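There are 2 protein chains.
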Amino acid sequence: MKVLAVLSGGMDSTCALYKAMKEGHEIVKAVAFDYGSKHNKQEHKYAKQTCEKLDIPFKVINLDFSEFESDLLISGGDIPEGHYADPNMKKTVVPFRNGIMLAFSTGIAESCGAEAIMLGNHFGDHAVYPDCRKDFVEAMSQAMTLGTYEKIKLYAPFTEITKTDIAVLGDKLGVDWSLTYSCYNGRDKHCGKCGTCVERIEAFHDGKVNDPTEYE
Amino acid sequence: MKVLAVLSGGMDSTCALYKAMKEGHEIVKAVAFDYGSKHNKQEHKYAKQTCEKLDIPFKVINLDFSEFESDLLISGGDIPEGHYADPNMKKTVVPFRNGIMLAFSTGIAESCGAEAIMLGNHFGDHAVYPDCRKDFVEAMSQAMTLGTYEKIKLYAPFTEITKTDIAVLGDKLGVDWSLTYSCYNGRDKHCGKCGTCVERIEAFHDGKVNDPTEYE
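Listed in order, the protein sequences are those of chains A and B.
Residues 1 to 216, numbered by the working numbering, are exactly what the first sequence covers, in order.
Residues 1 to 216, numbered by the working numbering, are exactly what the second sequence covers, in order.
Everything labelled a hint here was simulated from the structure, so no lab data went into it.
Among the hints, erroneous ones may be present.
Treat identical chains as interchangeable: a pair holds within one or across any two.
[Stated by the list, open to error] No farther apart than 27 Å at their CA atoms in a straight line, the calculated lysine-lysine pairs in the DSSO-like style are these: (1) K90 with K172; (2) K41 with K59; (3) K91 with K2; (4) K153 with K208; (5) K208 with K41; (6) K151 with K90; (7) K172 with K91; (8) K90 with K153; (9) K134 with K151; (10) K2 with K172; (11) K193 with K59; (12) K91 with K189; (13) K2 with K153; (14) K193 with K22; (15) K151 with K41; (16) K151 with K91; (17) K208 with K59; (18) K189 with K59; (19) K134 with K153; (20) K134 with K189; (21) K153 with K91; (22) K90 with K22; (23) K193 with K153; (24) K134 with K45; (25) K48 with K59.
As the structure is a prediction and not an experimental result, all values here were calculated from the model.
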């Protein structure tokens, strides 16, 4: 299958990319979306390096999120510390972000001849993000197929597995975790304290996978 | 209902806006998307004037469509002449444009407290655009509701009526047609020959509505 990959540069999408390639899919292109978050620039540096390593064309798409409110954005407040599933993480939600990235990618897929969109959303996202849950993913997938000439499909292999599962799977697939970035604060080193850092640390720890990350 | 209006500045969305207001909905904000088409700048000038007249906040969102192929875009070829439903109009399709505008608006709606998104798609769009058809609109509407905290709804009142019906309805609602723009070529005056100009002329003519447009 010809696949357009949505590649943020985090663990999930990077692992999904390795999995898609392992399954023999042709990755036509990888795209990342810069929506003005504190960490987009950092994570996209790593996404670019992964694509160079795997010889995949990579493009960053800039989106104007000036009408959006979220502490994840440069325009928002401080990133909360704590666990990824904590209620205060809701402040870092960027409303309908997956819906927007999927819709945008669907249009690009029709333009570049891809048959499917790869998205790395996983089960652990469900607590906080309505646009990561299975029922949303199914409805959006149907909208993508019905709204396109080429009946674009969704390839979201991690909807029902956890981040720990992803760490274990990625390790088997040979993912270079040092070329992935998770921290919501977006500084050079991972802070080790924000929700996504805590989730990253837990995934490596619980999956008994070596964590190459240098935390602040 | 608090409504976020997707307002291109064409006949359909302008009429939908008047209809929503007539029905007593509160228009929180109107947004237009500049995706690099030949006619975005022109149509948005009119959308802005309509919003000033109706006292509605208006914002243009710039989107990076550099990865898209379509003759509608500045980056594409010449706009074909002929009828809107002709096969050669397919060259002007911007893949999944409605999906993208709806997804983006859904995120903005969650940020600004709107409960529904208004979209002016109509039955006559169905021939050419898969992302205007009823089955797409229904699936996308479901994705929007499932993927948001506030269960954002879709208000698309024209999915089953024609552009001629819109001309007739708008006339009753007091729409100022001189503040709407349709031409795909995007010059000061409507060309009168492209698919959307031909469709505009037909709608006014068939609906026996006075057409204030000056054609080249």
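Evaluation of the provided hints:
For a Cα distance limit of 27 Å, the shortest separation of K90 from K172 qualifies neither inside one copy, at 32 Å, nor across copies, at 45 Å. For the homomeric pair K41 and K59, the shortest alpha-carbon distances inside one copy (13 Å) and between copies (26 Å) are both at most 27 Å. Taking CA atoms no more than 27 Å apart as the test, K91 paired with K2 passes between copies only; the shortest distance there is 23 Å, against 36 Å inside one copy. When the C-alpha separation of K153 and K208 is checked against a cutoff of 27 Å, the pair qualifies neither within a copy, at 34 Å, nor between copies, at 44 Å.
Taking identical chains as interchangeable, the C-alpha atoms of K208 and K41 are never at most 27 Å apart, the minima being 29 Å within one chain and 55 Å between chains. In this assembly of identical chains, K151 and K90 lie within 27 Å of each other by CA distance solely across copies; the values are 16 Å between and 33 Å within a copy. For the homomeric pair K172 and K91, neither the shortest alpha-carbon distance inside one copy (34 Å) nor that between copies (45 Å) is at most 27 Å. When the C-alpha separation of K90 and K153 is checked against a cutoff of 27 Å, the pair qualifies only between copies, where the shortest distance is 21 Å, while the shortest distance within a copy is 29 Å.
Taking the shortest alpha-carbon separations for K134 and K151, both the intra-copy value of 20 Å and the inter-copy value of 16 Å come in at or below 27 Å. In this assembly of identical chains, the alpha carbons of K2 and K172 lie at most 27 Å apart only when taken from the same copy (24 Å versus 50 Å across copies). Neither within a single protomer nor between protomers do K193 and K59 lie at most 27 Å apart by alpha-carbon distance, with minima of 30 Å and 37 Å respectively. Within a single copy, K91 and K189 get their C-alpha atoms as close as 22 Å, which meets the 27 Å cut-off; across copies the closest is 47 Å, which misses it.
Proximity of K2 and K153 under a CA criterion of 27 Å is satisfied intra-copy only: 10 Å inside one chain copy versus 33 Å between copies. Within a single copy, K193 and K22 get their C-alpha atoms no closer than 33 Å, and across copies no closer than 51 Å, so neither meets the 27 Å cut-off. When the C-alpha separation of K151 and K41 is checked against a cutoff of 27 Å, the pair qualifies neither within a copy, at 32 Å, nor between copies, at 31 Å. Proximity of K151 to K91 under the C-alpha cut-off of 27 Å is restricted to the inter-copy arrangement: shortest distance 18 Å between copies versus 35 Å within a copy.
For the homomeric pair K208 and K59, neither the shortest alpha-carbon distance inside one copy (33 Å) nor that between copies (50 Å) is at most 27 Å. For a Cα distance limit of 27 Å, the shortest separation of K189 from K59 inside one copy, 24 Å, qualifies, whereas the shortest one across copies, 37 Å, does not. Taking CA atoms no more than 27 Å apart as the test, K134 paired with K153 passes in both settings, with 15 Å inside one copy and 19 Å between copies. For a Cα distance limit of 27 Å, the shortest separation of K134 from K189 qualifies neither inside one copy, at 33 Å, nor across copies, at 48 Å.
In this assembly of identical chains, K153 and K91 lie within 27 Å of each other by CA distance solely across copies; the values are 22 Å between and 31 Å within a copy. For the homomeric pair K90 and K22, neither the shortest alpha-carbon distance inside one copy (35 Å) nor that between copies (36 Å) is at most 27 Å. For the identical chains of this complex, K193 and K153 are neighbours neither inside a copy (36 Å) nor across copies (36 Å), given an alpha-carbon limit of 27 Å. Taking the shortest alpha-carbon separations for K134 and K45, neither the intra-copy value of 30 Å nor the inter-copy value of 41 Å comes in at or below 27 Å.
Taking the shortest alpha-carbon separations for K48 and K59, only the intra-copy value of 8 Å comes in at or below 27 Å, while the best inter-copy value is 33 Å.
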